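A.B. asks: Chain by chain, the residues run as shown.
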Amino acid sequence: QKEVEQNSGPLSVPEGAIASLNCTYSDRGSQSFFWYRQYSGKSPELIMFIYSNGDKEDGRFTAQLNKASQYVSLLIRDSQPSDSATYLCAVNPGSGYNKLIFGAGTRLAVHP
Amino acid sequence: EPEVTQTPSHQVTQMGQEVILRCVPISNHLYFYWYRQILGQKVEFLVSFYNNEISEKSEIFDDQFSVERPDGSNFTLKIRSTKLEDSAMYFCASSDQNPTDTQYFGPGTRLTVL
Numbered sequence: 001q002k003e004v005e006q007n008s009g010p011l012s013v014p015e016g017a018i019a020s021l022n023c024t025y026s027d028r029g030s031q032s033f034f035w036y037r038q039y040s041g042k043s044p045e046l047i048m049f050i051y052s053n054g055d056k057e058d059g060r061f062t063a064q065l066n067k068a069s070q071y072v073s074l075l076i077r078d079s080q081p082s083d084s085a086t087y088l089c090a091v092n093p094g095s096g097y098n099k100l101i102f103g104a105g106t107r108l109a110v111h112p
Numbered sequence: 001e002p003e004v005t006q007t008p009s010h011q012v013t014q015m016g017q018e019v020i021l022r023c024v025p026i027s028n029h030l031y032f033y034w035y036r037q038i039l040g041q042k043v044e045f046l047v048s049f050y051n052n053e054i055s056e057k058s059e060i061f062d063d064q065f066s067v068e069r070p071d072g073s074n075f076t077l078k079i080r081s082t083k084l085e086d087s088a089m090y091f092c093a094s095s096d097q098n099p100t101d102t103q104y105f106g107p108g109t110r111l112t113v114l
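Each protein sequence line maps, in turn, to chains A and B. Counting in our numbering, the first sequence runs from 1 upward without gaps. Counting in our numbering, the second sequence runs from 1 upward without gaps.
Bound conformation, chain B alone (with noise of 0.2 Å):
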């Protein structure tokens, strides 16, 4: 069964740095998605993406977030200088040929920021 894939599954890194998160989407899925989950909270939105560029955005992703897709497989969030608060797991997800359609979460990348 395709699924989403992400790597690393554990980042960490130290505050003011940047870190380059990965995820491979579902195969022919044409929408993608970044969402985070600080310890202990609610999974939020950050971004989606379709057709190489932004299509929505949270106000938690501000000048500091970046997605790209470089190729014809992965999607890369980037978190340019990383805040302490930046610590979370962060999922990517994939869904088919419409918004509305079922959204599938990868594994997950924790980041610690120290």
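Isolated chain A, as found in the complex (with noise of 0.2 Å):
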């Protein structure tokens, strides 16, 4: 059974400050891994993807790989109030599979 673990949260930061948000994955032979928000009641929508090991910096947002780990996390700087949803870690598992398999979800509240 292939799993994808995220802590639930909620994550509570003061508004600037820098959030990180982590996510571990079950299946080595895992390809490609993406960062999705969510509001409630709102589809996924797509924050970062990554496919090798290091870091990915986009504007805010930085996402890192750990192949040997099994571990990707988000870091978001300078949070704003308007950062606060759902962020979902999904992975595809690699050569041969056709899906995306999803955490549960980190809840991230920045407080003014």
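Quick caveat, the hints were computed from the structure, so don't treat them as lab data. Keep in mind it's a predicted model, so treat the numbers as computed, not measured. Note that CB positions come from ideal geometry on N, CA and C, so glycine has one too. Do not rely on the hints blindly, as some may be mistaken.
[Unchecked claim] Short derived list, chain A residues pointing at chain B, Cβ under 8 Å:
{"hint": "1", "residue": "P44"}
{"hint": "2", "residue": "F61"}
{"hint": "3", "residue": "L75"}
{"hint": "4", "residue": "L88"}
{"hint": "5", "residue": "N98"}
Assembly of the complex is requested from the two constituent chains, each provided in isolation within its own frame, with the hints serving as guidance.
C.D. replies: Below, the structure written as structure tokens:
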């Protein structure tokens, strides 16, 4: 059974702080990794994707991947109240698989 | 910016009835997906579709479910005889040239089975 695990939160951070969201996955063959943001009652919205070990930066967001530890994280710098949402980690299990496996999501609350 | 669209946004049906959920994937995308999310739970994969056939399906996607691409733009999910436990948000998604590419999600259809 392929699993993606996330801390459900809530993770509460003050405005302007760095929010750190973590995710682990069970399948070593996993090839691509995605962070989606989901507001209540809405659909998942892509934040970032990462395929290679290391860091990938896009504006205030940095994704980090460590395939040896089967760990992927998302850092949000200068957090804003509008960042308050559930962040979903999703993993494509790799060659031969045509789907995403989602974690349960981490709820982030940014307070002024 | 191209986007995935879904209709209807909300569907209410009686248990045992058939429903068809409709999706228009992003033009020129080749891979199409249906996911569902029961209230308060994680997003779950149902089925993927490529080259006019199912490429992968989950245990949830039993004989009550079917998918179709009736024309060059629409992609549908049919539930033949709805159950109370089918009540959920159903999301359609599409991706470009490879199954490992980013999947873009539509706004979803909220299905309520009474």
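A.B. asks: None of the hints should be skipped; say for each whether it holds.
C.D. replies: Results of checking the hints against the structure:
Taking 8 Å as the C-beta contact cut-off toward chain B, the hint placing A:P44 at the interface holds, the least distance being around 5 Å. Contact between A:F61 and chain B, as hinted, is not supported at the beta carbon level, the nearest pair being about 15 Å apart and thus beyond 8 Å. Nearest Cβ of chain B to the Cβ of A:L75: about 20 Å, over the 8 Å cut. The hint is violated. For A:L88, the suggested interface contact is upheld, since its CB lies about 7 Å from the closest CB of chain B, less than 8 Å.
Interface hint at A:N98: satisfied, since its Cβ lies 4 Å from the closest Cβ of chain B, which is below the 8 Å cut-off.
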